[in-house]
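Chains as they are written, first to last, in the numbering used here: chain F, 834 to 1179; chain P, 268 to 478.
Everything labelled a hint here was simulated from the structure, so no lab data went into it.
For each residue, glycine too, the CB sits at the ideal point set by N, CA and C.
Within a straight-line C-alpha distance of at most 35 Å, the following computed DSBU-like cross-link-like pairs (lysine-lysine) qualify:
1) F:1013 / F:1158
2) F:846 / F:901
3) F:1036 / P:394
4) P:320 / F:1036
5) P:322 / F:1036
6) P:366 / F:846
7) P:270 / P:366
8) F:846 / P:322
9) P:453 / F:1117
10) F:846 / P:453
11) F:1119 / F:1158
12) F:838 / P:320
13) P:394 / F:1013
14) P:453 / F:839
A few chain P positions that, by computed beta-carbon distances, are all more than 12 Å from chain F:
15) 271
16) 369
17) 425
Chain F stretches covered by chain P per the calculated footprint, using a threshold of three residues with CB under 8 Å from any CB of chain P:
18) 898-912
19) 917-931
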Amino acid sequence: MSDLKKLINDPLKVADELVEGLVDAYNGDCIHVGQRSLALRNIPDGKVALLVGGGSGHEPIYHGLVGKNLADGAACGDIFAAPPPGIVLEATQAVDKGKGVLYLYGNYAGDVMNFDIGAELAEDEDIDVRTVLICDDVASAPPTEKQSRRGVAGLVPIVKLVGAASQSASSLDELETAAKKACLMTRSIGVSMSPGSIPATGKPTFDIAEDKIGLGMGIHGEPGVGEIPMTTTDELVPQMLDYIFKDFDADEDVDALSEGDEIILFVNSLGATTMMELLIALRKAKQIFTERGIKIYDVIVGPLVTCQEMAGMSFSITKLDDELKEYWNMSCQSVCYTKLEGHQGA
Amino acid sequence: MAKEQLTPAETKTMMLKVADAIIEAEPILTDADRALGDGDHGVGMERGMNAVKEKLEASEYESVGKVFMDFGMAMMSSMGGASGAVFGTLFRAGGRSIKDSSTFGPQELANLITSGTESVMDRGGAKPGDKTMVDALDPAGTAANSATGQSLVDAMTATAAAGVAGRDASEAMIATMGRAKTLGEKSIGHPDAGAVSVAIMLNTMKDFITS
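Extracted from the complex, chain F is given alone in its bound form:
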């Protein structure tokens, strides 16, 4: 494969420059912090803070989720690499307003180690830190081992819900509890048709045959449950959603998805898959949920959790209860995701 025509400057400065540009995109609402973090400009004193973060290269997440009623800050790593502990500490200090900081990020070995070292450094500075890991990819482990799952696109509805919860949380304990619930109720499944690339090398992140789809692939192209022949949307979507239905069924910690339930449906593109393709998939998903009597309370659709020009898409489902619905109904605003108060849907 020939190298992609990627419009960048120094390949080793891609992450630094994209974060600078992101701060510019916020146009004053966010400030650049330390080596490579950003934080909301005005975080109220006494607010329980929410910090997200992870490797760069998946824009507009994670750092694009810093915003009103969303995350207070983000610690940004290099391309596809966790932020070093020093960056985590700088971001933590920037968002701490005396009530402690909740770390909310995807479950990857590198992120866990670096954020853990960052949390130890923060505790040396007398900042109270808790961590809730996002583990929503049902293809990466069975329900009995769900704490070992990868964190994928479900982070968007999760950060939306936890960001809303953080506005009124009276303690770090309370926010941690809300975050655990949002994570438990959110499950995702993805597919991929072709790889993204690493800007610094131009090399594809994985290999897959032209006529195959990687079912259950992660957002960096980590292998999923297997490869299946290339097919149509209407053949693929039921297979994907089946993994999510079966997961809610099999997991003893949650009730099965059943008639009368209300969900947030997030249809995500990994980069190259177009809005056209997402909408065709959304149409099929809607039919399936309608047949099962499951109500779609709100929809997110678009390329929000990406891996450069990786072709593929994912579904994330968040099952709502009254508490989560209340969080959902709050407005929010960021580069990645903005919504008005309430929800779309009759």
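Position chain P relative to chain F; hints supplied.
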């Protein structure tokens, strides 16, 4: 001339050569990681080694341990990712165990690797056999520990050989950690990229000490 004890200045020169060797090996590391991970190990290590060179070249040392501690801190603060955390931990903890030594001999080699490896296992939760860098480090540490009575040349030669054998042995293992674990049995046949880096580092140290 083969070296029997390294001064802090020689230790610094050796570790600068390690940094150059890793930078040169970037394509090899990238390919090794693409087979099992997301292909970012080579670029991350290159970034770490550039930071290492900047730090070491600007510093004078009286303690050999401090050379390794700076090596680790430069990696940890510049790289991020799993590699930054575990390699940073390896050299920071390993260096701390010999921070009072003004020469690098067989005992310092053994302390460096065994203390560093223990801390890596604590931080990342990997055990021998999990197909990680520990599979190169653990046998290297064992070899270094049983060679403390020998010359530095012999000890380093045995240590590097054990590390290389450990890297080779990782090919037959099934990954249970990190992003490679979802590959299961498909991970067989490829060495772990972290173990490949460890083997290159040990071999470069050996080449410096035996030359």
